[in-house]
Amino acid sequence: MFFAVLSGFIVACIVPLIFKLNRKVAGALLSILPLSLFIYYLQFIPNVLAGEKILTTFYWIPFLKINLNFLIDGLNLTFALIISGIGFVVYLYASAYLEKSEKIVPFYIYISIFMASMLGVVTCDNTLALFVFWELTSISSFLLIGFNHEQERSRYAALQSLLVTAGGGLALLAGVIMLGQITGTYEISQMSAFHSTIVSNVLYPSILVLFLIGTFTKSAQFPFHFWLPNAMEAPTPVSAYLHSATMVKAGVFLMIKFLPILGGTDLWMWLLGGFGGWTMLMASTMALKQTDLKRLLAYSTVSVLGTLTMLIGLGGEKAISAMIIYLFAHSLYKGALFLTAGIIDHETGTRDIRNISGLRKYLPVTTVIGVLAALSGMGIIPFIGFIGKEMLYEATLLSGEYSTLFITITVISAINIFAVMAYSGILPFFGEYKSPAEHVSEAPFQMTSGPIALALLGLVFGLFAGSTVDGLTNKALQSIFPSASHHLALFHGFNLPLLLSALTIAVGLLFVFKRNSLVEFIEKIRIPEFFFPSKWYDYAFNGTLSFAEIQTKFLQNGHLRYYIFTILALFILLVGGSFFGFNTSESILNAFAISIERSLAGIDIYDISMLITVLIASVFALISQGRLSAIASMGIVGALISLIYIIYGAPDLAMTQLSIETLSVILFVLVLYKLPRFFTYSKLKTRIRDLVIALAFGSIFTIIIIFVSAYGKFDSGLSEYFAQTSYLIGHGKNIVNVILVDFRGFDTMGEITVLAIAAVGVYSLLRLRKQGGEQ
Amino acid sequence: MRSIILRTMTMYLLPLLLIFSVFLLFRGHNHPGGGFVGGLVASAAYSLYLLGFGIDKVRSIFRIQPIKVLAFGLFLAASSTVFPIFFGKPLMTGVWYEHKLPIVGSLGTPTVFDTGVYFTVLGVTLNIIFTLFEDKE
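Heads up: the sequence lines are chains B and S, in that order.
Residues in the first sequence are numbered consecutively from 136, following our numbering.
Residues in the second sequence are numbered consecutively from 3, following our numbering.
The set of hints was computed from the structure by calculation and includes no laboratory data.
A couple of the hints might just be wrong.
[Said to hold, decoys possible] If you want the footprint, here are the derived chain S segments under chain B, 3+ residues with CB under 8 angstroms:
1) 34-47
2) 71-81
3) 89-100
4) 120-133
[Claimed, not checked] Taking lysine-lysine and the DSSO-like style, the derived pairs with C-alpha atoms no more than 27 angstroms apart in a straight line are:
5) K188/B to K91/S
6) K818/B to K688/B
7) K659/B to K670/B
8) K424/B to K649/B
9) K91/S to K868/B
10) K70/S to K238/B
11) K91/S to K102/S
12) K155/B to K70/S
13) K868/B to K102/S
14) K569/B to K496/B
15) K569/B to K424/B
16) K91/S to K200/B
17) K424/B to K670/B
18) K424/B to K659/B
19) K200/B to K188/B
In this text, all values refer to a predicted model and were calculated from it rather than measured experimentally.
Where is the CB? At the ideal position from N, CA and C, for every residue including glycine.
Could you build the full structure based on these sequences and the hints that come with them?
Set out below in structure tokens:
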């Protein structure tokens with residue numbers, strides 16, 4: 136299972152290569168990846184239906200309990216199938232949609248990374264590893280939303296989504312770590328055993344809130360919903376895949392997963408039910424007035440996510456079973472509708488529903504897709520969307536004390552969604568022909584085949600629900616409530632949900648035919664801008680920027696000498712200040728005596744001559760009039776220091792020091808040409824100030840060294856351990872090197888990464904200056 | 003700056019220094035040396051050549067962009083740390099090939115890691131030096 140997740144990352148690495156080999160078939164070739172993953176996950180169905188749970192373990196950092204444990208149960212498998220299945224459709228679709236775009240290569244790289252991370256999110260059992268995948272989906276989403284990065288709006292939307300979702304991810308991490316501290320485990324499958332311990336803990340409310348910030352940001356719940364409509368700047372296949380079918384459902388997924396761990400309390404019910412219900416109602420109403428096809432769909436997605444969140448909040452077997460079916464149906468029809476919108480955009484050049492109608496003559500296949508998908512979304516019999524809606528009504532009616540409130544907002548939202556589905560999937564194709572493009576022709580096979588499959592599946596799964604999706608969704612339900620089960624059927628007899636469905640359709644039809652007056656009515660509702668969460672985002676964002684600007688002007692004024700000044704002054708204050716804590720003068724003198732005594736015992740002619748040379752060279756560096764001579768004398772200091780290393784038995788250090796010295800002299804010489812001559816000498820006042828700081832810094836260091844050499848006890852435990860195990864475990868006789876590349880390899884990894892970032896920084900700074908020609 | 007002596011010397015010094023840098027890299031495991039210092043020596047070799055012959059000539063013998071060398075090194079080091087996971091061991095555990103190889107000595111993920119460090123250091127240094135030099139001209 137780990138390899139299934141990993142395959143996406145590996146393919147992402149070789150995408151450019153595939154496109155270099157054959158550009159024409161590359162897209163189709165890459166579609167094999169999601170297809171084979173889909174088949175791979177399909178083969179688990181018999182095992183899962185038999186009630187098995189398949190767990191595989193790979194050690195990552197076992198010491199910190201971070202392991203790559205992958206679990207396949209009913210729920211995880213359902214999600215993995217949705218991700219890989221719709222992934223296949225989207226891969227194929229994009230090969231035609233982006234055929235002419237130069238950025239098709241990065242597109243496939245990002246989307247492969249996304250798919251891999253998303254599969255990681257839904258199959259990983261270790262919460263810390265899950266967090267890593269979770270943030271990876273945010274990052275790949277950021278890259279995909281900013282796909283058209285030459286446009287200001289794309290960049291704004293991309294950054295917004297990253298800050299909101301990745302920021303939420305950090306809250307999730309905090310919550311997960313607190314959970315781990317309480318339960319002693321990071322495995323989701325083991326945490327539910329601690330349910331009563333967790334909910335009775337004092338930290339429970341804060342854990343829940345942190346956890347929900349993570350999931351709400353990802354699943355675009357109020358007040359974090361605003362990033363999702365803006366994310367529509369991404370190419371349509373991305374919107375279909377990430378921002379409706381899969382990524383935004385990650386939050387919902389995690390909430391179901393954690394229902395047995397954190398759920399079952401009043402707080403859970405009110406937070407999820409309240410925010411979910413409000414998001415559902417608000418987003419579906421805002422969707423009505425949208426004119427852009429994709430924004431229509433985006434708001435309706437937010438609304439559906441709200442419905443799902445509300446259902447999880449209500450809890451109970453009925454609600455969860457309704458949620459699973461509703462989510463499944465939504466992934467199918469919303470994916471298809473987004474792809475339909477993409478075809479319309481691709482063929483007519485517009486997504487504004489006011490400018491298009493009657494396209495059925497020229498886009499016959501797309502019409503079928505749009506209508507089928509929209510009917511499922513509207514909840515018309517016999518589509519799976521109908522079953523989902525019936526179950527939703529039934530579960531809401533059973534929600535207890537406040538069921539009247541919940542059923543009212545649910546029905547209103549369903550009516551709104553009914554109208555929105557018609558606006559986006561049906562109206563563009565009927566009526567009088569209208570289109571800004573002169574010539575409209577049907578999209579190629581790659582673009583229509585996937586969506587039509589999704590749309591038809593919505594019908595098939597509806598008609599034959601009992602024999603198709605019933606089994607797997609039952610198992611998904613049972614991974615939350617082990618003893619629960621449901622039986623899907625199209626017709627449940629004449630009951631209240633059916634009546635409400637009829638009501639929904641009747642009022643919905645009215646909304647469809649009276650769109651103009653409806654929009655007029657909604658436009659009249661004026662809410663002050665201050666109440667929009669998106670404004671809060673802007674305030675916070677701009678506020679942070681201006682604060683950063685002020686403190687940068689103060690601390691980083693562009694003069695290296697002031698940076699050094701600040702650093703040294705702070706060091707003197709903090710370290711020097713700490714000396715006042717104990718009986719200083721006496722102990723310093725004492726330490727001085729001890730260390731002089733010790734040094735004199737072992738001193739010889741080499742030490743003295745080197746010492747004198749270093750002193751002469753550094754003094755010369757200070758008083759020399761030219762830069763070149765100053766650099767050369769600094770080089771001498773460096774070379775002598777490496778000589779000291781050699782004498783005291785640290786050849787590795789000496790070699791590195793010597794090479795660094797050589798290179799820095801070369802670098803200095805290169806930069807030297809760029810610098811102006813010494814025109815202005817510093818004033819006496821600044822010189823005295825610098826002298827004071829330099830002397831203070833030097834003496835503090837001397838004192839520290841004297842203290843260490845006089846009183847410091849050298850703990851030889853580590854070095855003995857390294858000396859003993861270096862050859863046995865590390866297979867090397869050079870302890871220094873074995874420490875660097877093996878025992879402390881993680882540090883080295885960090886160091887070379889920092890080096891690389893610094894090099895890229897230097898590169899881009901110098902390049903920028905070259906192009907800009909300023910300063 | 004284009005001194006005849008420097009040019010003649012670097013002609014011979016460049017290959018020698020490069021061989022020396024690889025020698026240092028593989029020697030590092032049992033004796034003083036290693037990827038870091040090896041990378042530094044290699045970049046010093048190219049820098050010397052640069053001083054003697056100028057940027058265009060160096061570009062013609064070092065055709066890959068240094069930033070790609072850097073990326074390769076980082077990738078090599080990072081992937082060597084992931085490798086042990088496939089053997090059911092935690093991240094960054096050393097996995098060793100049983101037999102000794104000529105030149106390289108004993109081969110294991112730390113050796114690959116060190117090679118990654120070598121290329122990263124080479125890439126970083128040359129990237130900075132090349133950019134500075136181009137900026138100058």
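Results of checking the hints against the structure:
no. : hint             : verdict
1   : 34-47            : holds (count 10)
2   : 71-81            : holds (count 6)
3   : 89-100           : holds (count 7)
4   : 120-133          : holds (count 9)
5   : K188/B to K91/S  : holds, 24 angstroms
6   : K818/B to K688/B : holds, 24 angstroms
7   : K659/B to K670/B : holds, 20 angstroms
8   : K424/B to K649/B : holds, 12 angstroms
9   : K91/S to K868/B  : holds, 23 angstroms
10  : K70/S to K238/B  : holds, 20 angstroms
11  : K91/S to K102/S  : holds, 22 angstroms
12  : K155/B to K70/S  : holds, 18 angstroms
13  : K868/B to K102/S : holds, 15 angstroms
14  : K569/B to K496/B : holds, 11 angstroms
15  : K569/B to K424/B : holds, 20 angstroms
16  : K91/S to K200/B  : holds, 14 angstroms
17  : K424/B to K670/B : holds, 20 angstroms
18  : K424/B to K659/B : holds, 11 angstroms
19  : K200/B to K188/B : holds, 21 angstroms
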